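Peer 1: Next come the chains, spelled out residue by residue.
There are 2 protein chains.
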Amino acid sequence: MKIRVAKSAGFCWGVKRAVNIAVEAAKKGKGKAYCLGELIHNKREIERLKALGMDFVEDMEALETGNTVIIRSHGVAPQVFNYLKEKGLEIVDATCPFVKEIHDKVTKLEKEGYPVLILGNPKHPEVRGIAGHIKDPIIVNSLEELEELPQFSKLGVVCQTTLNMDFFRKAVSLLALKAKELKVYNTICKATTVRQKETRELASQVDVMLIVGGKNSSNTTKLYQISKSVNERSYHIESKEEIDPSWFEGAEVVGVTAGASTPQWVIDEVVDYLRLLGEGGNWSGRGVCQAAGR
Amino acid sequence: MKIRVAKSAGFCWGVKRAVNIAVEAAKKGKGKAYCLGELIHNKREIERLKALGMDFVEDMEALETGNTVIIRSHGVAPQVFNYLKEKGLEIVDATCPFVKEIHDKVTKLEKEGYPVLILGNPKHPEVRGIAGHIKDPIIVNSLEELEELPQFSKLGVVCQTTLNMDFFRKAVSLLALKAKELKVYNTICKATTVRQKETRELASQVDVMLIVGGKNSSNTTKLYQISKSVNERSYHIESKEEIDPSWFEGAEVVGVTAGASTPQWVIDEVVDYLRLLGEGGNWSGRGVCQAAGR
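Top to bottom, those sequences are chains B and U. Per my numbering, residue 1 is the first one in the first sequence, and the count goes up by one each step. Per my numbering, residue 1 is the first one in the second sequence, and the count goes up by one each step.
Where hints are given, some of them may not hold.
Because identical chains share one entry, a pair is satisfied inside a single copy or across any pair of copies.
[As the list claims (entries may be wrong)] Computed list of lysine-lysine pairs in PhoX-like fashion (alpha-carbon distance at most 25 Å, straight line):
no., residue 1, residue 2
1, 170, 180
2, 28, 228
3, 180, 154
4, 190, 16
5, 85, 190
6, 178, 197
7, 108, 135
8, 50, 87
9, 50, 215
10, 180, 105
11, 16, 100
12, 108, 180
13, 190, 178
14, 135, 87
15, 197, 180
16, 170, 190
17, 111, 228
18, 180, 16
19, 16, 123
20, 180, 100
21, 85, 170
22, 170, 197
23, 32, 178
24, 228, 85
25, 105, 154
26, 111, 154
Since the hints were derived computationally from the structure, they do not count as laboratory data. Computed from a predicted model, the values in this text were never measured in an experiment.
Only chain B is shown next, with the shape it has when bound in the complex (with noise of 0.2 Å):
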């Protein structure tokens, strides 16, 4: 038994980014630090967090002046920026520089009088971030939705960092016949191209699939999709705990892939316990492809 995991999984370097300005805020920022909001869409590495210190709240308003503030990667709207500065916190922003140039693109096609679309999940903290620097963003995450848009003379569009390629391809075919004139800035950012492209071709590739990182993680959730669409045996979990070795009966090789939110410490328990299982004589063959692998 073979187990293949993908270059791309894992962190990317927005995430990375985040994680270490933080830890880095957590030591050395003004009064306790906080996140606002999850750093990242992983239980595991939240605990692991506060465990050095963080903290992290939902409510802006619980934040008391005299502390420290972590913007998160996904970014936030202005006005919490201000709102925050406002308070006397003392502001640390981690927001990933490939979802500021979002920040700056809508700006821009807003000041040249496009209506701006955002492809994305109207819920996500990354594009509620993206929106609240346009005055009257349009939010759209389905091709049900984009149907029912009108005809527009001129239209400005960008897209979530961790958008479903497919679906941004199809989205663009659709608004190329509702605008006469369509400013599209391709903005899913090239590790989620990377990762998306390898999960396709890995997990069609193996008997069996595992997508590691949160069930609320949007870019690990269209990982599994994309892979459950390829093949059939694709689980989706947080940790080694949740797999259950009759998934692997008769499988000859293991694909493992994660999400950008998934630390490397999750991924090596998973392909550890993965290991382990093989030994106990459930598989042909055992190890860690050395090719695809790390």
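Following the hints, position chain U against chain B.
Peer 2: Then chain U, alone, in the frame of chain B:
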């Protein structure tokens, strides 16, 4: 047997306008009136115009000073315009205003720093005219060619006014992943959109479909392709002489549409001939359907 003629069949506004301008120039222009290239891609209309005293030349160097030259609805590159001007010809510009808008758009896109891609047939005079307005046009006419394009950081897109809408949609969908920033002008003209949509609908409702127009007319050929894709019994004819009565065996309803360059009198001749065939007892019903006909 019923005959249903598409409402949108025949001359579009831009072609009607160009023919009127040309006829006027033939009457009142300086010297003899020459049209640079066929005024419209329809042999029979060309013959009618020749009878009015107009002539047609393919090679602009053949034109002699002191005469009138008509720029047809397809438009020309600025270099051509300037050449004719310097040669002392009286220029009557019948370029379709919608095509002129595309000239302005590609010029603007180039000024804004976008490489400009034109979706359309590189040999079509309209496309050559558009391309002549910019330094390095990229002209693409198939999805295969599009797939071979490299990645762009930014890309501007326009299209031939008579482009197939489905091709446009698919092309934009592909380009969405080829460029980080994509600015698309949907320059398919409304007459084309309506005519293609109506052709598809009519073809799916009738037993036999006739598409009337020049075999060298790009937009008529596209109508034929659309019709053929939904109704196997589709025929592209230039005039009533090409009609084979056996086409209508067992047919109860015949649909008729025509390209943007097909004169009304050519359509009328076809419809009259079909009516005659119907009266001959080949069909079960007769008469032109009033609902969709004209």
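Peer 1: Tell me the hint numbers this structure goes against, listed in increasing order.
Peer 2: Hints 2, 5, 17, 21, 23 and 24 contradicted; others consistent.
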